[in-house]
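> First to last, the sequence lines map onto chains B, H and F.
Residue 65 in my numbering is what sits at position 65 of the first sequence, and the numbering runs on without skipping anything.
Residue 1114 in my numbering is what sits at position 114 of the second sequence, and the numbering runs on without skipping anything.
Residue 2046 in my numbering is what sits at position 46 of the third sequence, and the numbering runs on without skipping anything.
In case anyone wonders, no lab produced these hints; they're calculated from the structure.
Idealized CB from N, CA, C, for every residue including glycine.
Keep in mind that a hint or two might mislead.
Unchecked claim - Using C-beta positions, here's what the derived DEER-type ranges look like: (1) H:L1127 x F:L2046: 33 to 41 Å; (2) B:S67 x H:I1192: 53 to 61 Å; (3) H:S1096 x F:F2200: 33 to 41 Å; (4) F:L2132 x B:T152: 51 to 59 Å; (5) B:E210 x F:A2028: 55 to 63 Å; (6) B:K117 x H:E1135: 36 to 44 Å; (7) F:F2227 x B:G39: 30 to 38 Å; (8) H:V1185 x F:E2047: 53 to 61 Å; (9) H:T1072 x F:R2204: 36 to 44 Å; (10) F:F2200 x B:E109: 57 to 65 Å; (11) H:A1005 x F:R2013: 54 to 62 Å; (12) B:T152 x H:R1213: 36 to 44 Å; (13) F:L2165 x H:R1213: 52 to 60 Å; (14) F:E2050 x H:F1187: 41 to 49 Å.
Unchecked claim - Derived DSS-like pairs: lysine-lysine, alpha-carbon spacing no greater than 27 Å straight-line: (15) H:K1069 x B:K57; (16) B:K57 x H:K1004; (17) B:K66 x H:K1069; (18) B:K101 x B:K57; (19) B:K200 x B:K101; (20) B:K200 x B:K28; (21) H:K1068 x B:K66.
As the list claims (entries may be wrong) - To be clear about the criterion: a stretch of chain F counts as covered by chain B if any three or more of its residues have a C-beta under 8 Å from a C-beta of chain B, and this derived list gives those stretches: (22) 2017 to 2027; (23) 2086 to 2094.
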Amino acid sequence: MLAVAADRVWKYFGDYPALRGASLEVRKGACVALLGRNGAGKTTLLRILANLSRPTKGEIRASVGKSGIGYLGHGIGVYDDLSATENLILFGELMGVANPKKSAAEALERVGLARVKDGLAREFSRGMRQRLAVARAFLHKPEILLLDEPFTSLDDRAIAVLQSLLNDALASGATIVMSTHQIREAMELATDVALLERGKVVFAGPRAGEMLSDPTWLYRTYGEPA
Amino acid sequence: MREKATYALGILGAIVMIWNLHHIFTQMAPEAAQGMAGWILFIHVPADFMGDILYTIALVTSILFLVKKDFTYDSISVACIEVGTMFILVNLVTGSIWGKNQWGIWWTWDLRLTTQLMKFLLYLGYLVVRPAIAEATQRATMSAFIAIFAYADVPLVMMAIRLPNVRTQHPSPVIETGGINSVAVPFVVGIIAQLLMALALMLVRLHQENTRREIDSLRRELHAL
Amino acid sequence: MKSGLGTALAIARKDLRTELRTKESINAAASFALVILVIFSFAFNLERDEFYAISGGLLWLVYSFAGALIVNRAFSRELPNDCLDVLIASPAPGWAIFLGKAVAAFLLLLLVEAISLPVFGLFYNIRWTESLGSLVLIILLATWGMTIVGSAFSAVIVNVRLRELMLPVLLYPILIPLLIAAMGGTTALFQGEPLTGENFGYIRQLIGFDAVYTALALYMIEFILVF
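Kindly produce the complete structure, drawing on both the sequences and the hints.
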């Protein structure tokens, strides 16, 4: 049962092909660690899966509509001039959550920001902003989570919160596609791994033992020489 | 083949225009053309007509691009708007020259000149913004959007400048002459001449746009290697 | 449709809340309006009666310059933190996002105009409280036209180089028919004429402009939000 799939997707930005026939099938309930060097096309692929960008060629298939997708990109996607609560209530309303106030309060509790719920996002530390962003992405209990380098520049508390949320999401049957450079954290959660190299998916399969013990094994085996 | 067609059309258009002017100067009675300087109207009026036709074509192809996402329509749109704006500029300049000759002033805010200037400004926005958008699909989509908004404004402008106290009803430079036959022919021939030249210019511009896209896609393949 | 309007309202509320908290663009627009009002006092040396003939024109010049500053922010305020991405990725329909922003920009611009009007009346000795109802009608109609077209172009150029320069080049030519009607109607009112008879044409023009561009903008905004 496929949660989301990319079928021979090409994406051009002007002359430059960011994706060159990338294909990826993600089964429901999987947690895919999307690896690749900078410029490989991870962000582009995730944005296309999140309906932010249209492929130049190729198709995307998803089992849920926009209300079932949670996206966390490079930008944290919260408004600096709104409070944490106001932010989450707004996004709850946008995502069609039944009781936005209640969900917002619960989400803030979950990420450990309940004490600063009325603080403006611009006053938060970086780690707090990240946790607020994570709260936003998980707020509507999405069935598909698309996360672009979510562990980057998180402090240890934020990492713990994120890992816990990801585990809970997987336990309740959600599907996760997560691009990352932090291979170790990702490998612990991942059920599957995909390697993107210069716009193509050069490897996609279950996480194997070698990947856990030696994170760079995948690059050396399937990737191009550095 | 395409080059030959372009040259042929351009030269033919020039020949027709020169023949037309010759006919005006030698065959027509001076009163019919409001004095010898009136010949410029036989460029001025057809230019307005050509500009309007081209803008209308651009409207249709802009809509078609948004619906079908085929870049051919975008190429035709930009070619039409560039050539059309050139014709409107010709219209403005010849109108100004005629006005100087006829009334002694280079510009007047009468109904016709104001409308033409407005059209020029509307599509000037299109021409200024389009090159600032780097990505091809975005550029074509935004251009289509701007072209549609600009076209919708023209009837609104024409209505607005007829509101009370907005513009003085200057005697418009319509040629009141006896004998419709004497003036109709040069106008029609003038239109034909400009039509041919417009076609030639459009072919040049379309070729340029297609070449650019070909270069883009060759560059893409090179990057992809 | 119902949820679309709800979304539009939520986004309008959000834009208003953030703007009223920081007051960034209101301060800029109101200051700019004030400065222009002062500068224009040096532009002409007219007798009071003569001045009435250009009063409407001056007021709408000030309003349209301030308006460009306000509408430019409509979509550019979504760029920090990539908030625009989150809006587009959400199930919220494009027209609802756009409508919410246009309504917020409309209300903010009305606020700036309301602040500028008494100052204008003061500096130029214009009595604007007579026939206030008709004046308010013109202001509402013309301001809506400015914000709906301005917000649409704000979305078009949000990712374009030199955004602040491009917006006036695009926006002002389109607004000319609207400004002509607003200026003419306002001048007529300041000169003591009612908006009846042939003066009603100004109102008709404004309504026509608003109807055409509201429909066009709402219909076409979907095309330009996702690439």
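> Taking the numbered hints from earlier one at a time, note which ones the structure violates and give those numbers from smallest to largest.
The structure conflicts with hints 7, 13, 16, 18 and 19, although it agrees with all the remaining ones.
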